[in-house]
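Using the sequences provided together with the hints, build the complete structure.
In this note's numbering, the protein residues as written are 1046 to 1234.
Just so you know, these hints were derived from the structure itself, not from any lab. Among the clues, some could well be false.
[As the list claims (entries may be wrong)] Label pairs and their in silico Cβ distance ranges: (1) Q1101 - I1067: 17 to 27 Å; (2) N1088 - T1197: 41 to 51 Å; (3) L1148 - D1052: 12 to 22 Å; (4) G1177 - N1230: 15 to 25 Å.
[As the list claims (entries may be wrong)] With a straight-line Cα cutoff of 27 Å, these simulated BS3-like cross-link-like pairs (lysine-lysine) come out: (5) K1056 - K1172; (6) K1216 - K1185; (7) K1056 - K1105; (8) K1105 - K1224.
As the structure is a computational prediction, the values presented were derived from the model and not from experiment. Where a beta carbon is used, it is the ideal one built from N, C-alpha and C, also for glycine.
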Amino acid sequence: MIHSLFDLNGKIALITGSSQGIGFGIARGLGQAGATIILNGRNAERLNRAVSTLSQEGLKVFGYSFDVSDSNQIDQKISAIEREVGPVDILVNNAGIQRRGPLETIEESVWREVIETNLTAVFLTTKRVVKGMIDRRSGKIINICSLMSEITRPTVAPYTASKGGVKMLTKAMAVEWAKYNIQVNGIGP
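Next comes the structure, spelled out in structure tokens:
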């Protein structure tokens, strides 16, 4: 357990896209700091393995499989989380995808998939979770932006556009919800 400088005992953290990679690492860190962690992913088998791994490490962990770009699934699963685990105190919007290719050949369907997963999902998930945070006048929201929020390179235009959008959405959220004691930050790994 991380020492009292970063004590999250009694807090509930939902981390989207956390069955592997950066999201899994963030979830582990929050759990080691004492938070009850809720893992999310679309692949139920991978999600169950991640929950099992962190549970074996002694962390209090739950898994909820849902697509964060689908508002109906978000509403159903967040309602279930609130009923079964409790209100979300910390939301980490980490779910994201990358599709590479020359911009002039990117299909519209690929563009939309990246924008919906990386940007629209942040809006939809946060919109659902923030209602409780506003009522409680407390909450932490961390959006995973990217170095590509600031710069770009060839073949990653949809990703760069989506992560630039997440950066600006983060600023808008921070400005709008500061009055409710909700802190919103973006991290650019």
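Outcome of the hint check:
Take Q1101 and I1067: their Cβ atoms lie about 21 Å apart, and the range 17 to 27 Å holds. The beta-carbon spacing between N1088 and T1197, approximately 29 Å, falls outside the hinted interval of 41 to 51 Å. L1148 and D1052 have their C-beta atoms about 46 Å apart, which leaves the hinted 12 to 22 Å range violated. Evaluation of the 15 to 25 Å hint for G1177 and N1230 yields a pass: the beta carbon distance comes to about 19 Å.
In summary, the hint linking K1056 to K1172 is supported, as the alpha carbons are separated by about 19 Å, within the 27 Å threshold. Restraint check for K1216 and K1185: the C-alpha separation of about 14 Å stays at or below 27 Å, so the hint holds. A hinted pair counts as satisfied when its Cα atoms are at most 27 Å apart, and K1056 with K1105 qualifies at roughly 11 Å. Straight-line distance between C-alpha atoms of K1105 and K1224 comes to about 31 Å, which puts the hinted pair past the 27 Å bound.
Comparing the model with each numbered hint stated earlier shows that hints 2, 3 and 8 do not hold.
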